[in-house]
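Trainee: In order, the protein sequences belong to chains Z and C.
So the mapping is simple: the working numbering equals the position in the first sequence, first residue as 1, plus 7.
So the mapping is simple: the working numbering equals the position in the second sequence, first residue as 1, plus 120.
Treat the hints with caution; some may be incorrect.
[To be verified] Covered stretches of chain Z (in silico footprint by chain C; criterion: 3 or more residues with CB under 8 Å from a CB of chain C, positions within the stretch not fixed):
(1) 217-225
(2) 287-293
(3) 367-380
(4) 419-426
(5) 653-659
(6) 675-687
[What the hints assert, rightly or not] Quick list of in silico lysine-lysine cross-link-like pairs, DSS-like style, CA-CA up to 30 Å:
(7) K409/Z x K502/Z
(8) K381/Z x K502/Z
(9) K457/Z x K150/C
(10) K206/C x K150/C
(11) K667/Z x K457/Z
(12) K105/Z x K206/C
Simulated from the structure, these hints should not be mistaken for lab results.
A quick note: this is a predicted structure, and the numbers were derived from the prediction, not measured.
Just so it is clear, CB atoms sit at the ideal spot from N, CA and C, and this is done for glycine as well.
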Amino acid sequence: MTKQTYTTELASNRREFLQGLSGLTIVIGSTGLITACSTAEAQQIARAGGTDLTANIWVTIGTNDIVTIQYPGTEMGQGTSTSLPLVLADELDADWDKVVVETVTFHDEAYGNPFFFNMLYTAGSLTVQAYFDRFRLAGAQTRRLLVESAATHWGVPLTELETEPSVVVHPASGQQLSYGEIANFTEVPETLPEIADEELKAYGAHRYLGSDIPRRDMPSKADGSAEFGIDVQVPNMVYASVLRAPVEGESALEVDDNTARSIAGVIDVLVVPEGVAVVAETYEASKWGKEALQVTWSEDSSFRDANLETDLDESLRRAEDMSLSGAAWRSVGDITEPFATAAQVMEATYLSDPAYHAQMEPMNATAHVTENGKAAELWVSTQTQSLSILGASEFLETTPDKITLHPMFIGGGFGRRGLRRQKYAEDAMYISRAIGLPVKVIWTREEDVKTCAFRNAAAQLMRAAFDSDGNLTGWHHRVAAPRVLEYMNPPRWEKSNGRDVIAMLGSESSRYDIPNFLAEHIETERRSRVGAWRGVGTSYTKFAAESFIDELAIARGIDSLEFRQNLCHNNPRALNILATVAEMADWSRPRDNTALGLSLAGYSRTFGGGIAEVSVDRTTGIITVHNFWLAADAGYLLQPSNSQAQLEGNVVFGISNTLKERLNIQDGVVQQSNYYDYQVMRMNEMPNIEVRAISTNNPPTGMGEIGLGSVSGAIANAVFAATGARVRHLPLTPERVLAAMTT
Amino acid sequence: MANFTLNGQTVDVPADPNTPLLWVIREHLKYTGTKFGCGVGQCGACTVHINGSATYSCLTPVAAIEGADVTTIEGLSEDGSHPLQKAWVAEEVSQCGYCQSGQIMRAADLLANNPDPSREEIIAHMSTNICRCGTYNRIISAIQRVAREAGDD
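Next up, chain C with everything else stripped away, as it sits in the complex (with noise of 0.2 Å):
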């Protein structure tokens, strides 16, 4: 049995203790904005928040998260106005698609700690998360974008 909190509501879901949280929130719960992409923590398409800190889903038992708090890109806002979400629209990052939960709850973490990263410091946090259509340049961008908004109020 696997029981911990997902994007605010208790879970409780009959899997075998040692599955990957990735697979838990992807099949069983049928929350499919995070991915898999390597399965090995390498790519980072899988990251959700743990209790708050960027964690690859895919290399997490279930085991492991028991009554912890886990936040999905479907849970870091209703209805995406998260302003990361608002700006990776804004700024057009996406292209086609995949990595980008992974992305945007990886930046998350970044700003929850750091609001105003210097852009060595976006670099240095995002590197963990590939994006083989090559946005990264955009990923930047729209980090810096909710930074300046946050400065700005």
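Chain Z with its partners taken away, still in its complex shape (with noise of 0.2 Å):
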């Protein structure tokens, strides 16, 4: 099955590991000190400090037994600083235990992730597939190169040798030598061995994946120890607390900072772009010393005439203006003809509200700039080890070598962290600069709540068409929302051909077998700072898409899990999440008080499908939802527990997507400003949640965002199940569903 995509990889590979060879590597010297230099150097201390084996850019074999595998995500949450390297370990047949993981600090294309244009960029859920094929190679070249090496040394042919955890055997003879010690008579030779697909292990025959290795970073999760960005500490380093304008484009044009500069510890008070900073011995001080700031801004932003209100009802009637067309996200066949000759057309239309992270971790950066502002040392929690470089050197005016970052463990991303220009390191940079010393910047909750890059707004037009024999023939998604990522980073967006995969993904619903179908960007201006969130453009576009199915299915009158069944017929990992999961909810039990709905939402490649139990109190309005069940196919599972702890945490936040996450801008201000008006689930506010991954022999992919377009869907499916009301607007409030009901 995987055989045709694999041989394109080995091609590949057979460049990466010669560029590899000529690039930047790592190898562990024979202090065990981990040094990033480049090859020339590598070698250098390879021979200074033994022979540890250097065979590709992924992994070093040290005299000592160590074996460093090289991990180019970062780690916020998802697992795969320890499920990805594992790939590799298994296919080596490495001792875990000496298994020491190193993050990519660096910014090189060789160790990028293809779907992001070579950029090191943990996003999208795309790690593991993105690596999986390389990292399998990886090891297996490295394995093959120390067996054939071993063949060589002991004088007996490679068939009679195997291998156990970092130890190559020769069975007949009982002789066997350690991993390490092979490398330190191993040369690299000038072409790696060939390894066909048949040769790697098969689905299901690995010594690690598939039997829950325990996650790396835990234990100091558990104990406090874990460093996230928040946490740095260097020497001489003072603090800044920066007043942020409150609508974009703004600067200060007065500053009153007298209260503030007598305010014992703080050493300067700084004019920053967007902004004001007050520096100060302490963090304390710094933030007294900014409530004490009296600043006139400019005023003068386009932005200050930003409603939400008013801003979705224009993305509303460019939704549902027929003359205005965008681009196509995915298309096939063509749809004008089956709409022209409908015998029933159908169409409904879908909003939702912009959202905000809320990760946990507040926006923090520590930055010291050197060499006249052309160089900097940066220490952050970030989702792009290359972003944060390459935007650090535009910033600075400088060359991305001038940067060196240390990315450290992320308070939660949920694509907080993917921009590339990161205002709160060019803030933390701008005041180093300026002062010359290292500088922490901590936003405080309220500043990233008022200007962080959030989940845009968007209104969705719904269209379907039915023959005279009942099929659906065609169907339209037209998605009205900014263009998110030309703001993210104009420079990906400029290799993107106007596909705006941030604001259109999962309009593709491409588990259903629609003849004539459309999805397609209908471009609105963007009227506030946006961004990623996590399940991308998923937690509103399958909103509309799967409520749009249940009113067909509705119309039809047909049961709305036959009707998905029926679009899916030839998708047989579709008919299968459909069966699990309706079989987890036993979905044609009737119930007394309650009513079920269902979304089948997956997310990219991965497959999902979730219902929803629900209440709804006909008085206020509000949903309870008592039971969420959601299943998942992200093929070949790679750490299963891990994968359930995935899911249940995608539910919970989809959960909080559907039911209350909202930010409103009135005059280009946003009006929340903290947990207590930025309300995110509790513990006290969730249902039962029922998970089930399901793993299947298909390549591995992403497990971090299925739940946000699953979840949405069968809430408000559940929610017309039980009153009969269509709420169309997301999250799903109390007035809204009360509205609903009343229509």
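Could you use the hints to bring the two separately framed chains together as a complex?
Mentor: This is the structure we're talking about:
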């Protein structure tokens, strides 16, 4: 099944290995210290400190038997800092207890994620999906090299050798050599061994994968020693708090800082881009200084007239204006004819409000700018080594090699930490450059809520055409949203041919076999800072698509499970998900005071389906979710227990998104400020959640965002089943439920 | 000046008396396991024990805890061996992990007063603390594991 894909991977990987040998590598020196350096330097160190074996860019076998694996991602709770190195270790047949995992800290496209134009970028649940084959191959080639070297050393045929964890054994003679011993006399050949795909371990034949190896980051997260960006302390460091402009694009015209400067410990007050910073010896002094500032803002921003309600009305108008068209996200057949000749056309519009990441770690960065402003050392919780480095080098107008990055543990990512221009880091660099000292900038929660690049609002028009036999012959999904990707990362947008994955993901509805299909991006003016949010576009596109499917099923008088089964009759994985989740929820059993709703909403290449059981208080409009069942098929599961945890977290995030989360913008100003007015789900609001991660013999895909699409449609459909009211505006607030019940 | 006992050791910090305990612990004393989340007592990431009770350190000025006994995640055990810490690892509770010091300190306060809490009691006690990754189910499981294993002794 994977064969065809794999052949092309092999070809590209051969280049990658050669590139790697002439590019950057990492070696473990004889002191045991890990050093990043050029290959020439690596070879020098290798010669000086023994002959550690660096077979490719991903792994080094130390003569001390330590196996060092390079991890190109970042760790924000998804667990890939364990699961991805485990892939290589398994194929290498390394002793996992002797594996050291090193995060790649520099920008080098050889290590990059091809889904992101070879940037080191951890997002979109794409880390395992992007690197699985490369890591298997790297492990297999390195193992083969060691076995071949041992065979030559002993003068025995290759076929007589086997491996046990980190040891090559010759059963006939009883001889054995550890990987480190072999590394000591092995030279990396000009051409690395060929590995046919059938020589790789088959699904289910792994030593580690599939058996829940403990995540490496667990102990430090239970004893408080895990070091997040905000925990960084460097010598001579000072602190800064930043009062950020209330409206995007504005700056301070006048600053009364007399009181701020009188506070003990305050060192300086600086006007920074879109803000005013108070620098102090302690964090508290900087914060008190910030609170004492009196600032007159320029009040000249075009965002001053941004108002969520009217802007969303305008988006809706554009979604409904059929004279407007946009970039096709997915197009199959031609929708013109089926709609022109349809026996029945159905239409519905859906709205969604902006949402804030509410990641637990407030935004922060520590920077030390040197060399007259042309170099920086940067400590930051980031989802992307590449963009942190490239963005910093652009900000300082220097070259990327002048940025030394320390990527830290991330206290929640969810898309918040993946922009090219990271304003919190720019604040730290700006201030450090001005005062010549390392600076830790910590934005308060309020500053982040106010100026975050949050999930955009969207208006969507759904249209469906049925022929006279009742067949669904045309599907038209119009998403009116800004160009989110353009704001997040302009160079990536320029390479994307107008396809905005952030705004549009999920609208492809590819599980359904509909002969004529168009999902298109009706562009709207950007009215706030915008960025990716967990689930990317699926958190609203799937709400619309899966609510609408339900509306169609009801209009046709067909059970919504059966209606979906009919539409994906050629898709066994989708059918399996539907059957699984229906069985988990006991779909056909009538309920007395509650009702069920279904959603078949995968994420990218991962299949997922959810069922919500809800009741609705008809007086207050409050929805209570009693149960949520989620089944997902992300292919071959590397770490089943961790996958289950991801699914549970996804359901919590998804319910929170569906019922509560809403940012409001008036006159360009975000109206919320902290967890008391931007509420996220707490433990006492959690329903009974049951998840099932199904392992199938398919290439592994993402697990981190599957719930965002799966949950909202299921709840909305359950609300309809309970009340007969169709709520088409996310979140499903009590007011909206009540309003829908009275129409 | 701030005078109190931190994880069994007397500390004497030249900090403004209005400084929240959180910042004295984190930035002056460099015990960074206790986290800043909201600054307003809404999320629980900053939870420490003051004289044995779970408290928001972000809302507690050091002037208010003169001579008090403060325990942070670093002081819960010397080596991560507190039953809750072991249960957190065994149940693989953490995802991003940022809130988990606060969650564990909150849970320790519960079990100190109620060694065998019901599921409802766990939920009622723990709902002060937000976990954005959504690890709530496993937090409950880990607390139940500790209660169960204590009961087995």
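Trainee: Failing hints, ascending?
Mentor: Of the numbered hints given earlier, the structure breaks none, since each of them holds.
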